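S.K.: Those protein sequences? They're chains A and B, same order as listed.
Just so we're aligned, residue 1 is where the first sequence starts under my numbering, counting upward by one.
Just so we're aligned, residue 1 is where the second sequence starts under my numbering, counting upward by one.
FYI, nobody ran anything at the bench for these hints, they're computed from the structure.
Keep in mind that the hints are not guaranteed to be accurate.
[What the hints assert, rightly or not] Calculated lysine-lysine pairs in the DSS-like style (CA-CA distance at most 27 Å, straight line):
1. A:Lys310 with B:Lys101
2. B:Lys101 with A:Lys218
3. B:Lys458 with A:Lys215
4. B:Lys186 with A:Lys310
5. B:Lys458 with A:Lys218
6. B:Lys93 with B:Lys295
7. B:Lys97 with A:Lys310
8. B:Lys412 with B:Lys458
9. B:Lys391 with A:Lys215
10. B:Lys412 with A:Lys77
11. A:Lys397 with A:Lys77
12. B:Lys186 with B:Lys458
[Unchecked claim] One-sided and incomplete, this derived list gives chain A residues near chain B with beta-carbon spacing under 7 Å:
13. Ala173
14. Ser187
15. Ala192
16. Asn194
17. Met206
18. Ala219
19. Phe220
20. Asp222
21. Ala304
22. Trp335
23. Lys336
Keep in mind it's a predicted model, so treat the numbers as computed, not measured.
From the three backbone atoms N, C-alpha and C, an ideal C-beta is built for every residue, glycine too.
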Amino acid sequence: MSRDTTMSLACAEHQRLSRRQLLAGTGASLALWGLLPRSAIAGTRDPRLLAMVLRGGLDGLAMVAPVGDPDYPRLRKALALTTSGEGAGLPLDSFFVLNASMPYLHGLYQKREALVVHATATPYRGRSHFDGQDVLESGLGGVGRIDDGWLNRAIAGLASAGRANPKGLAMGAVVPLVMRGNAPVLSWIPNAYNIPLRDSTVARLMDLYGQTDPKLAKAFADGMAINRLGAAGGMAAPARPAAAAPAAQGDGMGAMMAPAQAQPAGARPFRDFIETAETAAKFLAAADGPRIGALSYNGWDTHANEGSIKGQLANRLAGLDAAIKAFAEGMGPAWKDTAVLIVTEFGRTAHVNGTDGTDHGTATCALLLGGAVKGGRVLADWPGLADPKLHEGRDLKPTGDLRALLKGVLRDHLGIPAGALAQTVFPDSRGAAPVDGLLA
Amino acid sequence: MVGDGLESFPRLGSHPTLRSEEFGTMAMSRDAATAFRRFGLGAKPGDLKRISGDPRGYVRGALTGSAATLSTSQGLEPSHVVFAAAQAAQQEKQLGKALAKDAAQKAAAPAMAETDPMVAAAAPPKGSAAGAPAAAAPIARPNQIRRDALLEEQAARVAHAIATDTPFAERWVMFWSNHFCVSHQKGPVRGIAGAYEREAIRPHAFGRFADMLRAVEQHPAMLIYLDNQISLGPNSQAGRNRGRGLNENLAREILELHTLGVDGGYTQEDVTNLARIITGWSVGNLNQPQTEAGKFFFAQNRHEPGAWTVAGKRYEDEGRRTGQKVLDDLAWHPATARHVARKLAQHFVSDRAPASLIATLEQTFRKSDGDLLALAKALINAPEAWSVEPKKIVPPYDFVVALARGFDLKTKPGELVRLAGVLGQPLWQVPAPKGWPDTDDAWMGPSAIRERLRIAEKSAREVAPGVDPRVLAEELLGPTMSNDTRQAVARAETREQGLELIAMAPEFLRR
Chain A
1 MSRDTTMSLA CAEHQRLSRR QLLAGTGASL ALWGLLPRSA IAGTRDPRLL AMVLRGGLDG
61 LAMVAPVGDP DYPRLRKALA LTTSGEGAGL PLDSFFVLNA SMPYLHGLYQ KREALVVHAT
121 ATPYRGRSHF DGQDVLESGL GGVGRIDDGW LNRAIAGLAS AGRANPKGLA MGAVVPLVMR
181 GNAPVLSWIP NAYNIPLRDS TVARLMDLYG QTDPKLAKAF ADGMAINRLG AAGGMAAPAR
241 PAAAAPAAQG DGMGAMMAPA QAQPAGARPF RDFIETAETA AKFLAAADGP RIGALSYNGW
301 DTHANEGSIK GQLANRLAGL DAAIKAFAEG MGPAWKDTAV LIVTEFGRTA HVNGTDGTDH
361 GTATCALLLG GAVKGGRVLA DWPGLADPKL HEGRDLKPTG DLRALLKGVL RDHLGIPAGA
421 LAQTVFPDSR GAAPVDGLLA
Chain B
1 MVGDGLESFP RLGSHPTLRS EEFGTMAMSR DAATAFRRFG LGAKPGDLKR ISGDPRGYVR
61 GALTGSAATL STSQGLEPSH VVFAAAQAAQ QEKQLGKALA KDAAQKAAAP AMAETDPMVA
121 AAAPPKGSAA GAPAAAAPIA RPNQIRRDAL LEEQAARVAH AIATDTPFAE RWVMFWSNHF
181 CVSHQKGPVR GIAGAYEREA IRPHAFGRFA DMLRAVEQHP AMLIYLDNQI SLGPNSQAGR
241 NRGRGLNENL AREILELHTL GVDGGYTQED VTNLARIITG WSVGNLNQPQ TEAGKFFFAQ
301 NRHEPGAWTV AGKRYEDEGR RTGQKVLDDL AWHPATARHV ARKLAQHFVS DRAPASLIAT
361 LEQTFRKSDG DLLALAKALI NAPEAWSVEP KKIVPPYDFV VALARGFDLK TKPGELVRLA
421 GVLGQPLWQV PAPKGWPDTD DAWMGPSAIR ERLRIAEKSA REVAPGVDPR VLAEELLGPT
481 MSNDTRQAVA RAETREQGLE LIAMAPEFLR R
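Next comes chain B alone, as it looks inside the complex (with noise of 0.2 Å):
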């Protein structure tokens, strides 16, 4: 549990005596549904009842770094050794085609079974397969490997969102997953798009932007998603030997997305300008043997050199250094605070959220100088963060979560994640580096809504037996539900459809 907020904001509701005793019970249970819909992923039987005393006082509760790490990793790898494996695994399967080639060629003849001991022999190269189990295997197949990772992790994430009892530090985590999004469409990135956002995400989620922000950019899987790792300056050893250079592709998103904002003010100048001081970000791998695979590496051969302005600040090279202080710059920057402190609201609350809101958020960036802690708390304390209605169609991932929690459902994690990607938001496979749409409508699609509705029938028969959906009703969506809701669950004709309205219900569809 952390301390009640900064010293300088309003400690709204964080008394929960004198609360309960103005409002009654009625009024704190309101506040504690709230407290699973809009800052958690959705209540378990009994939640709203334990935490109704005080609901800020549990959201609050989350903020703490080892309730954004995630609980269900065990045996999960460190993203360089699935990038090493991989690409050992690659090496063995590009070798083997070679001497199976060679040997074919030679052996023109002879009969083709004599290649394949061939290949079974064929060394495997320095570092091959670093603790991975394929080491043993004939030949591990790369894709393979990068393939059971992302099962694995994807498993692993969906798991702890349903247990956690600090669901407010998950939704923070995916936030900041989104909005320093990467996807694992693209190659390498497949293998370590989870232990990315282990690695990178959650252990500055309640520390400070500008960590994160630096975590972010130097991590190899936001490095290969943006191209950094093969951009080269013009004028670098490298780039004047082989006639290539810069790749603009990762400079430009740090601006837009990352930090300033679209309308942040930056030039397209600034965005080459950036991309020179960031070569040489790359990715160690087996064939550099001065790198470590897998892991950043700052190639200096790569890096443009000269001294370059970005933003109106003008950087003298200090090779990797330089790009750490624009970004510490960057975020630091009042664009940058304005931008997260939009998104921040736009996510937790609404469209449509009250200036004074967005206003609360920027200024606490400000003043505590991207401290993600304190913005934290300055969300969760902000009253008009309690009292907008729920306008925001709970996500595809959030509403499968949510389900799972709800009625318990026995349902594997990786269903789950399949049953996210149906209604169209598959983990970790955004579109754009842009992330999933956040509008409060983005996911009204008719026919995903519709396929809520089966995914809930199947839920509903499931657990049916057990169950007695008024009773569920009241424990998941407490006095916010209507009277309408109340009523049509009541009068179902089944317990599954009971439970299909509960779980379609606005209330439970909203947040």
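So that you can see chain A by itself, here it is in the shape it has in the complex (with noise of 0.2 Å):
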């Protein structure tokens, strides 16, 4: 971000200010943060990261509103979050607001455990879905090599001497990108039948998946891991009917692993962001659970009839307010050394379109939350959105590199030392150095 100073601080007033909010909130901590060892700032803790993807590019304009710029209810006329009345957002500071569908967020931010990153973007510049999002989750510089992705690479680079599980953890039955790769990952769906597997079946499938099928048999330990490690647990699920049913038996079958209710589809909305979302908390809170997660959630593809203050988006930003909230509650004392990373893989054009939408764009915000976080901030060194300054005349032009965030959260909370976060974790991102300051 350093290299956009200069031209931030010769812009309009709203620039110079929130440039001022973000050396005013970092300033002082900086310097001490370089002095110590990053090793020793991790050491002392017990640190949990989790990823979570939004898939379909989410408009950060209408979840971090930049009410003030003149230019913003010019370019999203009824898509515009206001400061009072009916599209009121919730403050953030004196030029953005929350998206007022996001209320636990905000208490968040408020109590400084949530910060939020503006006018971001992957070193992606094109408008696939597919393509960017593989460029966000591999962490390289561009489109091409799809075999790991960064969290994993993260992981391998972590010594496992100390940690409690070394291995990473994927919410769902597809391994999302990001946490792909050589490093160990359990992944976990709910049961598909309430019944117990049988020892025997199982010690005689890993024979003979050693004998012929290596990756097979990876797959399958990992997955009996998993199966435990949520009975032995103890992790009482929360209030559901089908929770208490078992006991855990034979594979350690345990209440968390309750059998997926058949149920249509889409019953309650966002039923299963929420579910998700306890779930994951579980494992990463468990004395012996592993450590970093990810998870994905889909639909942010917002192309027609968006509704960022009554309408599709806002439910589903409530959607993921309340995963937030389920998540930071499941949590519990591990909140504290908790890290969550909310990134998509761009944001939307700054105009509306032609369906009361938006589509497919560039910079965007990522969020960062969590006790272990110093939040209460929004980081943007802000392009503004007049005209001339809009990225190909119709996007919010990036002025940070997302990975400078992934890589300031992956050094200063997990540890992991510069070098593996240049040379492995982000291979190709000399020029996006690592945000100091971050973490409390």
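Mind assembling these two chains? They're in different frames, but the hints should get you there.
M.R.: Structural data, given as structure tokens:
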């Protein structure tokens, strides 16, 4: 971000405002952090990290709205949030408001446990969701290689000694790219049936795979490991009828491993968001659980009838807010050691499109929250929304590289050495220095 | 049975007698197993022996239009009927609400009961519930109509996949259905996602790519899924009146996913211009008397006038036809041939499919102008397609279907749909327009593999009493079975366990 400092200071008043806030928020502690060896910082805690990937291109201008930018209401018309009235957002500072659908997140912000990074983007400048997600999750400088993800490489770079559980956690049947790679990963889905697996069958299968199919052996062993973890942690599920049914037996099928309910999908909107977050918290909070997790939430591609104040996006943001709450509360005392990164592949057009929605854009915002975070701030080198300031005349211009945020978190929260960050985790990111002072 | 493949291609393995003399029955049976694994949906007892004389011929036997139709489609409604019924129900519901509100306001003090008869008496609007059973009911709920249609379509799809003796045709349909996927999570698509496949994909499965492309992009399910029915030309009559405009979602996915591919060389300008050209491609509804509800409708008043350039070619404005011309040109495009060839090779063979196979498919697509029958033949005739080691993890839907076929399960189709969903692949509910992931290891999530065992266990309990696992293993896996698997099954401590080991054997999980 420093590259843009001079430009930013020469710009309009509202831009200087947010720059000052940035400096005021980080300046003092920045030097102190710099003097401490990173390993010492990480070593004193038991840090947890959860990455949430929002797929579809989150409209950052609708989640954290630059109401202080004079061009914002003109571009966003009925989608524009305001400081008062029906479209009023929740105040973050003199320039930005948070979407009113996210009161819990706002509470975290006020407790200084959440910060926003705005006008940020990955290096990707195209407009394909899939390429955009590949760049976001691979952590590479461009499209092309999708063998593994930055979070997995980060796990591989961590010394396993002294860690409760060296494996990564992925929520869902398909491990998201960000968590794919050589480092071991546990993935979680609800049980298909409420019946125990037999130890003898499991052992024979392990033996068979061991002889013939090492990849299946690894996947199956990991699947059984996470099953045992779910039971051994004594993690009572939240009050849901099915949760109390079976006692742990055989394969250690715990209460949290309640079977999928035979209900139509979408019977209660965003229930899946909340349940996924709750379950992730149970694993990450457990004494012997994994410490680094990833999950993804779909459905942010708001081309039509976006409904930023009332409607589909507002509802989805409320779902995300409920998921954040479920996760934070589920972490319990471990929340103080927790950081959650919420990222998306790209933002959306600054203009409203012809169908009261927005199309694929470029810069957007990212969130960092958790008890370990030094929050209560919006970090932004605001580019402005005047037409000549827009990227390609249509999108919020990126003034920060998202990888700078990710690197700052990995370095100062997990204690990953700068060398490993630059060489293996984000190999093409020389221009994106880690952001300092993100953590309390 | 179709003829013996393109003349320009070597007819490998098409002579049963020659092959059985050369390689013996063992080699033939290996191919028979491959026919049901790589090119099918899993064997049933007796299948391998039955086709061992000519496995390739058996697979080629599926290359007919009738094999690609849904055999279980009795009672399923066309998409426009479901669409219209749901819309009528929606209108009744709104009318009912409005009347109730109105009555409540007028009556002010009197008892609430008075409003009920008024609601019930609300006259159904024009074209209400055409052909839908809901017509006589008090008030049909639109979501219920859509959901019922979805569940019936899903059950029929699974039942057909289990029953079919031309499984390659079904795999071929599934490939194209995924290539041109829609998600039933998007509003009215819920009621017509199944009909979409029957109407736009299956009829063209062994026809021309260009025809399938045209059918797909003009089907209401796709127009709604990717927002084109609400896209307005900014300079069209409606666009000027309403101050709304373009939505480029469908145009982008046509170029990126359906035809040229993401590296196919198109630009943002191509996307915007194609979006302009297909403005007016829309869906008729009950509120517009000049349209047929739930059918494709070209709305001239939403169509952006003007000549536009897409992929280097300029198109004069000919209304609806302009978009069709662009689609025809995209269907011919070399980048489309390459894109389709790569996807096919990855889907049916492996991430690391030989370059020679991709080249063969690409050439076939180009030489035949996208004749999908020729393309299917080229795939089946390619020796590489039969020789590459089975590396792909069978996707969840295919896994539960193979289990039902192999074990002769009596599980209800709807339950199998649920299980595929638990394993990560709910039918017609793709996470994004790109469709399901298709890399070799995409479906190897640890918990999902574990849950396959739980499903196998439940299934094994159901069928174990009458089955010898050692026999069934030979029947389903044939000579592709490893000695380790054979031994593990033979040494199982119970019948159930033996069956579970078959279902979880690498030979059953990979293809």
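S.K.: Each hint needs a verdict: does it hold in this structure or not?
M.R.: These are the hints, each one checked on the structure:
Of the pairs offered as hints, the one joining Lys310 (chain A) and Lys101 (chain B) holds, with about 22 Å between alpha carbons and a cut-off of 27 Å not exceeded. At most 27 Å may separate the alpha-carbon atoms for a hinted pair to count; Lys101 (chain B) and Lys218 (chain A) exceed this at roughly 61 Å. A threshold of 27 Å between alpha carbons decides the hint, and for Lys458 (chain B) with Lys215 (chain A) the separation of about 25 Å falls inside it, so the pair holds. Restraint check for Lys186 (chain B) and Lys310 (chain A): satisfied, since their Cα atoms lie roughly 18 Å apart, inside the 27 Å limit.
A hinted pair counts as satisfied when its Cα atoms are at most 27 Å apart, and Lys458 (chain B) with Lys218 (chain A) qualifies at roughly 23 Å. Only pairs whose Cα atoms come within 27 Å are accepted, and Lys93 (chain B) paired with Lys295 (chain B) is accepted, the gap being roughly 22 Å. Restraint check: the Cα-Cα separation between Lys97 (chain B) and Lys310 (chain A) comes to about 21 Å, which is no more than 27 Å; the hinted pair holds. As the CA atoms of Lys412 (chain B) and Lys458 (chain B) are separated by approximately 13 Å, the hinted pair is consistent with the 27 Å bound.
A hinted pair counts as satisfied when its Cα atoms are at most 27 Å apart, and Lys391 (chain B) with Lys215 (chain A) qualifies at roughly 11 Å. Using a Cα cut-off of 27 Å, the hinted pair Lys412 (chain B) and Lys77 (chain A) is violated, with the two alpha carbons roughly 51 Å apart. Of the pairs offered as hints, the one joining Lys397 (chain A) and Lys77 (chain A) holds, with about 19 Å between alpha carbons and a cut-off of 27 Å not exceeded. Proposed proximity of Lys186 (chain B) and Lys458 (chain B) is contradicted: the alpha carbons are some 33 Å apart, above 27 Å.
Satisfaction of the interface hint for Ala173 (chain A) is found here, the shortest Cβ-Cβ separation to chain B being roughly 3 Å, below the 7 Å cut-off. For Ser187 (chain A), the interface hint holds, the least distance from its beta-carbon to any beta-carbon of chain B being 4 Å, beneath 7 Å. Taken as an interface hint, Ala192 (chain A) checks out: its beta carbon lies about 5 Å from the nearest beta carbon of chain B, inside 7 Å. A cut of 7 Å between beta carbons decides the hint on Asn194 (chain A): the least distance to chain B is about 9 Å, and the hint is violated.
A distance limit of 7 Å between C-beta atoms decides the matter here; for Met206 (chain A) the minimum to chain B is near 11 Å, and the interface restraint is violated. With a cut of 7 Å, the hint placing Ala219 (chain A) at the interface with chain B holds, because the nearest CB-to-CB distance is about 5 Å. Against a cut-off of 7 Å between C-beta atoms, the interface hint on Phe220 (chain A) holds, since the closest Cβ of chain B lies about 5 Å away. For Asp222 (chain A), the interface hint holds, since its Cβ comes within 7 Å of a Cβ in chain B; the closest pair sits about 4 Å apart.
About 5 Å separates the beta-carbon of Ala304 (chain A) from the nearest beta-carbon of chain B, less than 7 Å, and the hint is met. At a threshold of 7 Å, the smallest CB-CB gap from Trp335 (chain A) to chain B is about 25 Å, leaving the interface hint violated. Contact between Lys336 (chain A) and chain B, as hinted, is not supported at the beta carbon level, the nearest pair being about 29 Å apart and thus beyond 7 Å.
The structure does not agree with the numbered hints 2, 10, 12, 16, 17, 22, 23 stated previously, though it agrees with the rest.
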